[in-house]
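Peer 1: The lines below spell out each chain.
There are 2 protein chains.
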Amino acid sequence: MTVGFQGELGAFSQQAIRQFLGAQATPKPHERFDQIFAALQAGEVDAIAVPIENTLHGSVYANYDLLLKYDFAITAETSVRVVHNLIAPPGVTFRQVGTVYTHPVAIDQCLEFFAHNPQIRREPYYDTAGSVKMVMEQHSAGSTPAAAAIASEFAAQIYGGHILKRGIEDDRQNYTRFFLLEPKGSQPHGDSEGASAGKGSGRKGLAVRPWKTSLVFTTRNIPGALFRALSALALRDLNLVKIESRPLRGKPWEYLFYLDLLGRPEEEAVGNALRHLAEVADFLRVLGTYRAA
Amino acid sequence: MTVGFQGELGAFSQQAIRQFLGAQATPKPHERFDQIFAALQAGEVDAIAVPIENTLHGSVYANYDLLLKYDFAITAETSVRVVHNLIAPPGVTFRQVGTVYTHPVAIDQCLEFFAHNPQIRREPYYDTAGSVKMVMEQHSAGSTPAAAAIASEFAAQIYGGHILKRGIEDDRQNYTRFFLLEPKGSQPHGDSEGASAGKGSGRKGLAVRPWKTSLVFTTRNIPGALFRALSALALRDLNLVKIESRPLRGKPWEYLFYLDLLGRPEEEAVGNALRHLAEVADFLRVLGTYRAA
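Going down the list, the protein sequences come from chains F and R.
Read in our numbering, the first sequence has 193 at position 163, and its numbers run on one by one without any break.
Read in our numbering, the second sequence has 184 at position 154, and its numbers run on one by one without any break.
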């Protein structure tokens with residue numbers, strides 16, 4: 031199974047692919063998010079792994095928009111613990127580092143590190159793992175100030191970088207949630223995984239993870255429209271775990287809403303809620319039903 | 031009055047300052063958003079103009095987070111029409127352009143231009159106007175492929191750039207909404223402006239813009255919590271015009287909610303709604319009351 035992802039080998043997305051599918055999946059790097067969606071559409075890959083939100087940065091807008099532009103099925107979600115490390119070519123010391131290259135989101139997640147080290151210039155780069163690759167390739171021994179990168183330990187290993195400082199993120203509660211996307215109609219992953227995860231623990235209740243359903247809708251632009259839409263869930267005691275709004279193209283200051291709720295359409299309350307939501311929404315699409323991470 | 035903004039002279043934020051305060055305000059450029067908030071805190075500027083959302087890109091996360099981190103008052107909002115132009119040093123032709131530098135958000139807003147011109151490489155830069163300044167400074171006559179920038183017509187004028195293509199944004203409905211922030215307790219702007227805007231038109235109803243109030247809150251992490259919070263508005267027929275969620279630091283997969291509603295706390299329904307919201311919210315702060323743009 032070939033799985034497209036954004037970034038270079040060693041990116042956090044590659045870790046997500048391993049969590050989704052184990053070692054049998056072949057990760058295929060791409061430069062940009064729109065390219066991985068296009069690759070799945072063209073059948074060049076069997077699935078794609080996309081970051082959707084991070085506990086420090088928030089939602090990944092570009093991918094919410096691409097979820098709507100394309101019509102794939104979310105078949106799994108997973109959560110990757112993000113640890114950022116300052117990585118430089120072997121021989122470079124911390125005091126020699128003048129510039130740090132990394133993805134803008136990684137910069138945002140290491141603001142305290144930069145505040146405490148004002149001598150270090152921050153430079154955005156398109157990918158964390160790619161920044162290690164680039165810094166390693168462009169390094170000439172002995173030149174100061176030297177360049178460093180911020181990325182995963184895995185990226186340091188792949189490109190032969192040396193970790194100068196470990197765990198420089200502002201907050202340890204740094205997790206990125208990923209979706210696995212496959213062509214429309216694909217079955218959700220993780221049922222067998224859910225059943226086997228509890229082996230030996232004897233705690234059967236923890237073994238099966240709950241279902242989650244993601245959807246997107248628009249409301250009419252009238253007072254109370256969002257409240258009415260949420261009532262479809264609240265009146266049935268359904269648990270809304272995430273809401274995200276995105277601008278509606280061509281209609282300034284109107285919005286699309288993305289919701290994640292616990293449950294699946296086969297359950298009576300969820301099925302009824304979706305029918306109720308369809309009544310009050312101008313547009314509604316279910317993006318997928320999958321096992322909660 | 032000195033007003034801090036992010037970017038170089040010629041940035042869209044400078045246009046916002048002109049709309050807020052006219053020509054008497056002195057715009058003061060800064061490299062990053064956190065620096066303008068710190069400058070206002072330190073009293074180095076009298077006010078700051080910050081982009082909060084764009085009709086194509088969505089919300090400016092960093093500024094939502096900074097609104098919470100600092101405790102200023104939103105005293106006005108305005109909406110700036112964003113027109114992106116491809117700008118190069120005089121003498122450079124479109125066919126010679128190999129790389130385009132601009133702010134990542136501007137790249138996102140010109141995706142169709144890049145899709146139709148795959149020979150052009152896109153390079154993120156920290157500011158639109160700054161990308162024009164840099165491209166002009168680093169240009170050496172006759173060198174190809176040449177670099178160009180994407181920015182406002184105003185930026186082209188300031189730095190002597192030549193507009194190769196006008197209006198290359200994907201969507202003409204491209205507006206950025208800005209807040210003017212001043213120290214806590216400052217009075218809202220725009221009352222006199224609202225009263226004078228209708229002069230000569232005779233349409234008094236259009237002259238006074240409605241009030242808007244922005245607030246931020248968290249709910250307890252229980253099913254239906256957001257629904258209950260929104261009921262405080264909906265039960266009083268108040269108009270929720272924007273909702274934005276941001277991750278709650280240190281509590282993975284929990285969220286802060288930012289709301290904009292029409293009205294001001296002095297109105298009975300709004301005052302009651304805020305008291306009701308305070309009952310169901312764990313945390314609530316009013317960020318400001320101002321005239322709607």
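Any given hint could be a false lead.
As the list makes no split between identical chains, a pair holds if one copy fits it or if it spans any two.
DSS-like cross-link-like pairs, simulated, lysine-lysine; straight-line CA separation at most 27 Å [as the list claims (entries may be wrong)]:
1) 214 <-> 58
2) 195 <-> 272
3) 58 <-> 272
4) 281 <-> 58
5) 272 <-> 99
Just so you know, the hints here were simulated from the structure itself, not pulled from any lab data.
Peer 1: With reference to the structure, classify each hint as holding or not holding.
Peer 2: Against the structure, the hints:
Taking the shortest Cα distances, residue 214 and residue 58 sit within 27 Å of each other inside one copy (21 Å), while across copies they are farther apart (51 Å). Taking the shortest alpha-carbon separations for residue 195 and residue 272, neither the intra-copy value of 34 Å nor the inter-copy value of 41 Å comes in at or below 27 Å. Taking the shortest Cα distances, residue 58 and residue 272 never come within 27 Å of each other, neither inside one copy (29 Å) nor across copies (38 Å). In this homomeric assembly, residue 281 and residue 58 never come within 27 Å of each other (Cα to Cα): the closest approach is 36 Å inside a single copy and 33 Å across copies.
Taking the shortest Cα distances, residue 272 and residue 99 sit within 27 Å of each other both inside one copy (20 Å) and across copies (23 Å).
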